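S.K.: One-letter residues, chain by chain:
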Amino acid sequence: MLNPQGRPTRAVSSEATGAPKTISGDRGLDHDEKLIFEIGRTDVTGVDLPDVVLTEDRLGGLKRKSIGLPGLSEPETLRHYVRLSQRNASIDASLYPLGSCTMKHNPRLNEKLARLPGFADIHPLQPQKTVQGAFTVIAELARWLTELTGMPVNSVSQRARPARKANCAVSSPFAPRLKRAGNRESASWFPNPRTAPIPPRRRSPASLPRTSERGPMAASISRHFARSLDRTLPL
Amino acid sequence: MLTNPNTCGLFERDIVTIAEAVHEAGAYFYCDGANFNAIVGRVRPGDLGVDAMHINLHKTFSTPHGGGGPGAGPVVFSQLLAAFAPLPLLLHDKNGFRLLEDPAEAKASGVTPFGRMCAFQGQMGTFVRALAYMLSHGADGLKQVAEDAVLSANYILASLKDVMSAPYEGPCMHEALFDDEFLKDTGITTLDFAKALIDEGFHPMTIYFPLIVHGAMLIEPTETESKQTLDRYIAVMRGLAVEAKAGNIARFKNAPLRAPRRRLDETLAARKPVLRWKQPKAAE
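Read top to bottom, the protein sequences are chains A and B.
The numbering of the first sequence is the numbering used here, which starts it at -12 and goes up by one.
The numbering of the second sequence is the numbering used here, which starts it at 11 and goes up by one.
The hints are simulated quantities; they were obtained by calculation from the structure and are not laboratory data.
Keep in mind the model is a prediction, meaning the values are calculated, not measured.
You may find that some hints are simply not true.
In the DSBU-like style, the derived pairs of lysine-lysine whose C-alpha atoms are separated by at most 35 Å in a straight line are [what the hints assert, rightly or not]:
no. : chain 1 : residue 1 : chain 2 : residue 2
1   : B       : K237      : B       : K255
2   : B       : K104      : B       : K117
3   : B       : K237      : A       : K99
4   : B       : K237      : B       : K194
5   : A       : K21       : B       : K263
6   : A       : K116      : B       : K288
7   : B       : K282      : A       : K8
8   : B       : K288      : A       : K21
9   : B       : K194      : B       : K282
10  : A       : K21       : B       : K282
11  : B       : K282      : B       : K263
12  : B       : K288      : B       : K263
13  : B       : K117      : B       : K153
14  : B       : K194      : B       : K117
15  : A       : K99       : B       : K153
16  : B       : K171      : B       : K255
17  : B       : K237      : B       : K171
18  : A       : K50       : B       : K282
19  : B       : K104      : A       : K99
20  : A       : K50       : B       : K291
21  : B       : K288      : B       : K153
22  : A       : K52       : B       : K104
23  : B       : K117      : A       : K8
24  : A       : K52       : B       : K171
25  : A       : K8        : B       : K153
26  : B       : K288      : A       : K52
27  : B       : K237      : A       : K116
28  : A       : K99       : A       : K116
29  : A       : K21       : A       : K99
30  : A       : K21       : A       : K52
31  : A       : K21       : B       : K291
32  : B       : K153      : B       : K171
33  : A       : K50       : B       : K288
34  : B       : K288      : B       : K255
35  : B       : K194      : B       : K263
36  : A       : K8        : B       : K288
37  : A       : K21       : A       : K8
38  : B       : K171      : B       : K288
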């Protein structure tokens, strides 16, 4: 389909170099991948499933003959998604100057640590005594954020005043929906910043460890996470 | 609410005066931590009079953001708002950590949370990644993150200033901002210029944002790109700017020529999006 400017929406590189039009429609190894619905067949699957044990049909007239799910063999499935991924413009493929606002390099060390089973395979509803290591990570993150911002309480997880310990409220950002704890009260709930005494700000330099103080970097990070992990049990 | 450094990549110098004026008016001061990357380890928002700020972990602490998530933005509060932070609270005592989730218990211990977060304890995988980034840099390394991010942006700004046009005088923070003044009378728009970058193998920069700058091009290299990579990018940008001024319109208007698809009809795509695949009639 042509857009209003009359430009074709397909690349024209092969015509530009005088190469003949291909029979497959692909441009050499630059594959023009179709939608999975267009290449899949509804009568095949890459997985062998056991036969269904016949039971009484309770769906009445609602049962469909075919739900039209596209089926592919395993190599076809792999090729489909690998080809699509190669279509991705990404920061792993070239400079992507949208910056930290949208896309910043993700160090592979982060990925390795996030995949440790003690962090990757836990569930938010499992008993708290089994995720002490994960809580350690949250508290440590909260401590760094608190030092870096100079603001005392932080809502990754926050420490309650009386406890005088690790201080954080564990809450996620892009899901700021709140359940009301009590009655909705007026703005007088909060102290008036004009009249409330502003506590003196602590201006001492951040007391965070420097890389040089932590010994060889990788070893120290591994140790830190190993300690956290010892106290977290995956499901 | 204020973003500092702001979206033009400039540091708001009057921020302390603004914070005092906000407090004097009986209000609280919220800061968008979107651009914390430029000041991390150098400036503490708490010292500027900020009462609450969210920190997008992907923007500053290198967690993934491709495809939109998973996002995580811890919120920090000043002393004045501390007692109102939402439940659950993470407490530490002789038995280790535990979550305080009961509003009655919170009240009894002297805090008055204004609600409870629905999303459990947040994005654990993102927290691990952010902490890994912090630990691998250390306090000194994070300071250098801000320095390098600002240096990289200024290197681009300074290297391209003579062939492109910058709307603001002087150095920038972590983002180099250009307008389309240098394309005036060429017939080439910011969009054309961005599309030409695709043919050169680069993802285009942010365009037409911020809205207050005409034909804006906002370039943020961050702290991780090497000088060699930046030099290659600068050479391409210079080359394109020279081509544009020389009146070589075709390569801009027809771009992209070397992408999987040519220029798409963005208006039609926005107005009549095709969100669902339908079986072609013949195949039924």
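S.K.: If a hint holds in the structure, say so; if it doesn't, say that too.
M.R.: Checked hints:
1. With a CA separation close to 27 Å, the supplied pair B:K237 and B:K255 stays within the 35 Å bound.
2. Between B:K104 and B:K117, the direct Cα distance comes to roughly 22 Å. Compliance with the 35 Å bound is thereby established for this hinted pair.
3. For a cut-off of 35 Å, the pair hint linking B:K237 to A:K99 stands: about 27 Å separates their Cα positions.
4. A C-alpha spacing of about 30 Å is found between B:K237 and B:K194, which places the hinted pair at or below 35 Å, so the restraint holds.
5. As the CA atoms of A:K21 and B:K263 are separated by approximately 27 Å, the hinted pair is consistent with the 35 Å bound.
6. About 50 Å separates the Cα atoms of A:K116 and B:K288, which puts this hinted pair outside 35 Å; it is violated.
7. For the hint pairing B:K282 with A:K8, the CA-to-CA distance comes to about 32 Å; that is within 35 Å, so the pair holds.
8. Distance hint between B:K288 and A:K21 is fulfilled; the C-alpha atoms sit about 14 Å from each other, no more than 35 Å.
9. Between B:K194 and B:K282, the direct Cα distance comes to roughly 33 Å. Compliance with the 35 Å bound is thereby established for this hinted pair.
10. Annotation: proposed proximity of A:K21 to B:K282 holds, straight-line Cα distance about 21 Å (limit 35 Å).
11. With a C-alpha separation of about 24 Å, the suggested pair B:K282 and B:K263 falls inside the 35 Å cut-off, and the hint holds.
12. Among the hinted pairs, B:K288 with B:K263 is consistent with the structure: their alpha-carbon atoms are about 33 Å apart, no more than 35 Å.
13. About 39 Å separates the Cα atoms of B:K117 and B:K153, which puts this hinted pair outside 35 Å; it is violated.
14. Using a Cα cut-off of 35 Å, the hinted pair B:K194 and B:K117 is violated, with the two alpha carbons roughly 63 Å apart.
15. In summary, the hint linking A:K99 to B:K153 is supported, as the alpha carbons are separated by about 24 Å, within the 35 Å threshold.
16. Simply put, B:K171 and B:K255 have alpha-carbon atoms about 14 Å apart, close enough for the 35 Å limit, and the pair holds.
17. Distance restraint check for B:K237 and B:K171: the Cα-Cα separation of roughly 18 Å lies within the 35 Å cut-off, and the hinted pair is therefore satisfied.
18. For the given pair, A:K50 sits about 33 Å from B:K282 by alpha-carbon distance, which is consistent with the 35 Å threshold.
19. Our distance criterion of 35 Å between C-alpha atoms is met by B:K104 and A:K99, whose separation comes to about 31 Å.
20. Between A:K50 and B:K291 the alpha-carbon distance is near 23 Å, which keeps this suggested pair within the 35 Å criterion.
21. The hinted pair formed by B:K288 and B:K153 fails the criterion: a straight-line CA distance of about 53 Å is larger than 35 Å.
22. Restraint check: the Cα-Cα separation between A:K52 and B:K104 comes to about 61 Å, which exceeds 35 Å; the hinted pair is violated.
23. For the given pair, B:K117 sits about 74 Å from A:K8 by alpha-carbon distance, which is inconsistent with the 35 Å threshold.
24. A C-alpha spacing of about 65 Å is found between A:K52 and B:K171, which places the hinted pair above 35 Å, so the restraint is violated.
25. Proximity of A:K8 to B:K153 is assessed by CA-CA distance (about 55 Å); at most 35 Å being required, the pair is judged violated.
26. Proposed proximity of B:K288 and A:K52 is supported: the alpha carbons are some 18 Å apart, at most 35 Å.
27. Restraint check: the Cα-Cα separation between B:K237 and A:K116 comes to about 48 Å, which exceeds 35 Å; the hinted pair is violated.
28. Only pairs whose Cα atoms come within 35 Å are accepted, and A:K99 paired with A:K116 is accepted, the gap being roughly 25 Å.
29. At most 35 Å may separate the alpha-carbon atoms for a hinted pair to count; A:K21 and A:K99 meet this at roughly 33 Å.
30. Restraint check for A:K21 and A:K52: satisfied, since their Cα atoms lie roughly 26 Å apart, inside the 35 Å limit.
31. A distance of roughly 18 Å separates the Cα atoms of A:K21 and B:K291; the hinted pair therefore holds under the 35 Å criterion.
32. For the suggested pair B:K153 and B:K171, the alpha carbons sit about 27 Å apart, so the restraint of at most 35 Å is met.
33. Using a Cα cut-off of 35 Å, the hinted pair A:K50 and B:K288 holds, with the two alpha carbons roughly 21 Å apart.
34. In summary, the hint linking B:K288 to B:K255 is not supported, as the alpha carbons are separated by about 46 Å, beyond the 35 Å threshold.
35. Proximity of B:K194 to B:K263 is assessed by CA-CA distance (about 15 Å); at most 35 Å being required, the pair is judged to hold.
36. Proposed proximity of A:K8 and B:K288 is supported: the alpha carbons are some 29 Å apart, at most 35 Å.
37. Simply put, A:K21 and A:K8 have alpha-carbon atoms about 18 Å apart, close enough for the 35 Å limit, and the pair holds.
38. Distance restraint check for B:K171 and B:K288: the Cα-Cα separation of roughly 50 Å exceeds the 35 Å cut-off, and the hinted pair is therefore not satisfied.
Of the numbered hints stated above, those contradicted by the structure are hints 6, 13, 14, 21, 22, 23, 24, 25, 27, 34, 38, listed in ascending order.
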